[in-house]
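Please arrange chain L on chain D, whose structure you already have, making use of the hints.
Listed here are the chains, written in short residue letters.
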Amino acid sequence: MIPELGYAATVVALLLAVWGSAAAGVAARGGSAAVLASAERAAVGMWLLLSCCIGLLVYAFLTFDFSVRYVAFNTNRGTPFYYRITALWGALEGSIVLWAWMLGLYTLVAVGRYRRRHREFYPWVLCVLLAIAAFFLLVMSFPAPPFQRLSPVPPDGRGLNPLLEDSGMITHPVALYLGFTGFTVPFAFAMAALATGRTGDEWIVITRRWTITAWYFLSLGLLIGGWWSYHVLGWGGYWAWDPVENAAFMPWLTGTALLHSVMVQERRRMLRVWNLALIILTFSLTLFGTFLTRSGIIGSVHAFSQGSIGVFFLAFLALVLVVSLGLLAARMDRLRSAGEVDSLVSRESAFLLNNVFLVAAAFTVFFGTVFPLLSEAVTGAKVSVGAPFFNLVNLPLFLGLIFLMGIGPLIAWRRASAANLRRNFLVPVAIGVAAAAAVRALGIGQLLVVLCLGLVAFVSAAIALDFVRAARARRRAGAGWLASTAGLLRRQNRRYGGLVVHLGILVIALGVAGSQTWSVQTETTLSRGQSVQLAGYQVRFDGLSAAEESNHFRVTGAFSVSDRRAPLGVLAPAKKFYPQEQTPIAYVDYRLGLIEDLYVVLGDFARDGSSATIKVQVNRMVSWLWIGGLILTLGTVLSLLPDRRSPV
Amino acid sequence: MRRILRWLIPAAALPVLVLLAYGFRTDPRAIPSPLLGKPAAAFTLATFEGARVSLEAVRGQIAVVNFWASWCDPACYDEAPALERAWRRYRDAGVAFIGVNIQDKEEPARKFLARFNHTFPNAPDRDGRVMVDYGVYGVPETFFIDRAGRVRAKRVGTVTDEILQQEIERLLAESKP
Chain D
0 MIPELGYAAT VVALLLAVWG SAAAGVAARG GSAAVLASAE RAAVGMWLLL
50 SCCIGLLVYA FLTFDFSVRY VAFNTNRGTP FYYRITALWG ALEGSIVLWA
100 WMLGLYTLVA VGRYRRRHRE FYPWVLCVLL AIAAFFLLVM SFPAPPFQRL
150 SPVPPDGRGL NPLLEDSGMI THPVALYLGF TGFTVPFAFA MAALATGRTG
200 DEWIVITRRW TITAWYFLSL GLLIGGWWSY HVLGWGGYWA WDPVENAAFM
250 PWLTGTALLH SVMVQERRRM LRVWNLALII LTFSLTLFGT FLTRSGIIGS
300 VHAFSQGSIG VFFLAFLALV LVVSLGLLAA RMDRLRSAGE VDSLVSRESA
350 FLLNNVFLVA AAFTVFFGTV FPLLSEAVTG AKVSVGAPFF NLVNLPLFLG
400 LIFLMGIGPL IAWRRASAAN LRRNFLVPVA IGVAAAAAVR ALGIGQLLVV
450 LCLGLVAFVS AAIALDFVRA ARARRRAGAG WLASTAGLLR RQNRRYGGLV
500 VHLGILVIAL GVAGSQTWSV QTETTLSRGQ SVQLAGYQVR FDGLSAAEES
550 NHFRVTGAFS VSDRRAPLGV LAPAKKFYPQ EQTPIAYVDY RLGLIEDLYV
600 VLGDFARDGS SATIKVQVNR MVSWLWIGGL ILTLGTVLSL LPDRRSPV
Chain L
0 MRRILRWLIP AAALPVLVLL AYGFRTDPRA IPSPLLGKPA AAFTLATFEG
50 ARVSLEAVRG QIAVVNFWAS WCDPACYDEA PALERAWRRY RDAGVAFIGV
100 NIQDKEEPAR KFLARFNHTF PNAPDRDGRV MVDYGVYGVP ETFFIDRAGR
150 VRAKRVGTVT DEILQQEIER LLAESKP
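Here the protein sequences come in this chain order: D and L. Under numbering that gives the first Met the number 0, the letters of the first sequence match residues 0 to 647, in that order. Under numbering that gives the first Met the number 0, the letters of the second sequence match residues 0 to 176, in that order.
One or more of the hints may lead you astray.
Below, computed lysine-lysine pairings styled on DSS-like, alpha-carbon distance capped at 30 angstroms [as the list claims (entries may be wrong)]: (1) L:LYS37 <-> L:LYS110; (2) L:LYS104 <-> L:LYS153; (3) L:LYS110 <-> L:LYS153; (4) L:LYS104 <-> D:LYS575; (5) D:LYS614 <-> D:LYS575; (6) L:LYS110 <-> D:LYS575; (7) D:LYS614 <-> L:LYS110.
Please keep in mind that the hints were generated in silico from the structure rather than gathered at the bench. Keep in mind that this is a model prediction, so the values were computed, not measured.
This is chain D alone, in the form it adopts within the complex (with noise of 0.2 angstroms):
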């Protein structure tokens, strides 16, 4: 039955958003406000559809219904009841539908908000929302069908993907899939503005918390990504230049990019076919991300079903590029820039040269992932392109960006003086100098580190510097320390969200860097009652210990712990072993701390618990990649509470 109703409503989803993108189309030419509402009536049936097939979704999960056959290859009778629900998106068809719901409901929300505003470019927005959900609709109904019938019906299913039974697989892929259709918003207000020849700023001013939105849950789904390798996966990294992560991170570099030059174009009504060529190259590169995982042609840890759907995306990608761009060109007369850079030494240059090192980077990671289908097609060759490619062309790319951080939000516009040269960073300088010198001194050796740690300081000095002067000055007109810093926040808010979000990245690069440099590993074998030392921590083998669990059966060792003062507890870190699955699944275990995190993955084993094979890291600074998006998230919010400025 669920199968039917199911299919049923995907197919009349199709059916509506088809008909309501072509009814914005007409109405945007000139149709009459009938059409128009039409096409918001057919929206609005859409994402309750749309609705109606996650529901069913969800109750197919949580009753069994293993005629479905996502059901049966996604669930078994063992599998925990939340993991029922995210297994909703645990694999590529129901993922899909997540996306469509999601981009639905996007919709729903532009509707509400644009109906009666910005009425020029509202049906273009509608026609170009609606022309991307059917196409998610049009996967939904063919390439990836998420209410395929399974006959006969089994009489248990085959579970969910191990890896996938965690607490990061229920917010990892929705932040990732939010950021993704994010973009989609900023992408139709683009298509909007070349299509109705309104190429100003308007639809850059529009977007702006849109554009930020999706940014964070961008950067969101990437830490969580990386939180969930770390403590999951067993091998205590959190990034492994993954073509899978690549995809994911590509749109964040040009999304970043775009953040930034917007502001030179609402400033200096500069760089309107930059803005309009990003949000074009961000929103294709989401849709590159998803035809890169799902269609199986490069090779990945992330191993993802695969089949027809690739040609789909490719074709649908194709097609956005080509019509996109395609308008981009036509519309190039229109798209002269009002004014230009007047001096090298100037925001505006700072903010140029931050987008070139973001574009350069995301070009090098796109580079990087298709150079193996590259070489196959020209020589033939199988190659692969591993972490230190990565790493070697993207490590200067990314202290260059740390740097620009610390000058793009003080110096001036147009031209800076001397004066405000001086005044904004001989003291940061100073300090990020003399944090090198100080680490230099304090002997840890690498030219990198000290580069990267001085690069920070001298960026933390310079925000703290403008901070304090400018809660300094409201001080003056007789706030109070308090008043004054809330007030400040809160009167400039995007300025300073802008401020705070740097702090976040700050911290995590500070956790990048440590965690690269300054983390230790062993592995060993130990006898029941033996020790490994590691850094300080004494790790002692005390036995195994196995036990049958709702869907899988589970070998946990137990591991004293202790450091040079007294003991802390015991570890269990534990193998999993699933019946569908062909290798054992670790369960890492860990104590997380500021500085350092213990993380220790059990190996192979005696099967009488005589023996063990253990993995012991000492991993530095880790948590500061945490710390750091919650700092983020912060910057975030500041920056997108309704603005406080009086009207210039």
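Positioned in the frame of chain D, the structure of chain L alone reads:
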């Protein structure tokens, strides 16, 4: 001129799209083994019946080494009858078959063998050493070893009658010792 040049913007996307389309023609899982052409690693294992089986003992013959597991459903189940058929067909032509059971439990592995009535030697690789030597990263994988003891071909995934016949005939056609 400018009017024409501007159309280069959308045109720039074309090469990328073509490259991605080319990706459909490739198979990222078809990874050539670095072992091809190299001497096959020697191993000696005890079969489920308790006999000794080793690559050394069949030197001079063509050897087909198949890695499998009882939980490898359906791929290993699909290929098992084909393996037995090929073994019966070629055993007298100087072709040895060795099944290596990896990452498995004893009981289901025995059940698997009983189900397919395998008559060629099958041995569990208890410490996983053979599996590591051959760089096996999933089951099933099948290695074809020539009379000189060199790995000549590797197949990832289910082998069929056609594949077995093709690989074995190719090695048989080479000059007899």
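Hints, verified against the model:
1. L:LYS37 <-> L:LYS110: 34 angstroms, violated
2. L:LYS104 <-> L:LYS153: With Cα atoms ~25 angstroms apart, LYS104 of chain L and LYS153 of chain L stay inside 30 angstroms; holds.
3. L:LYS110 <-> L:LYS153: Within the cut-off at roughly 27 angstroms; holds.
4. L:LYS104 <-> D:LYS575: 15 angstroms, holds
5. D:LYS614 <-> D:LYS575: 16 angstroms, holds
6. L:LYS110 <-> D:LYS575: Roughly 24 angstroms separates the two Cα atoms, so the pair holds.
7. D:LYS614 <-> L:LYS110: Judged against 30 angstroms, a Cα distance of about 35 angstroms means the pair is violated.
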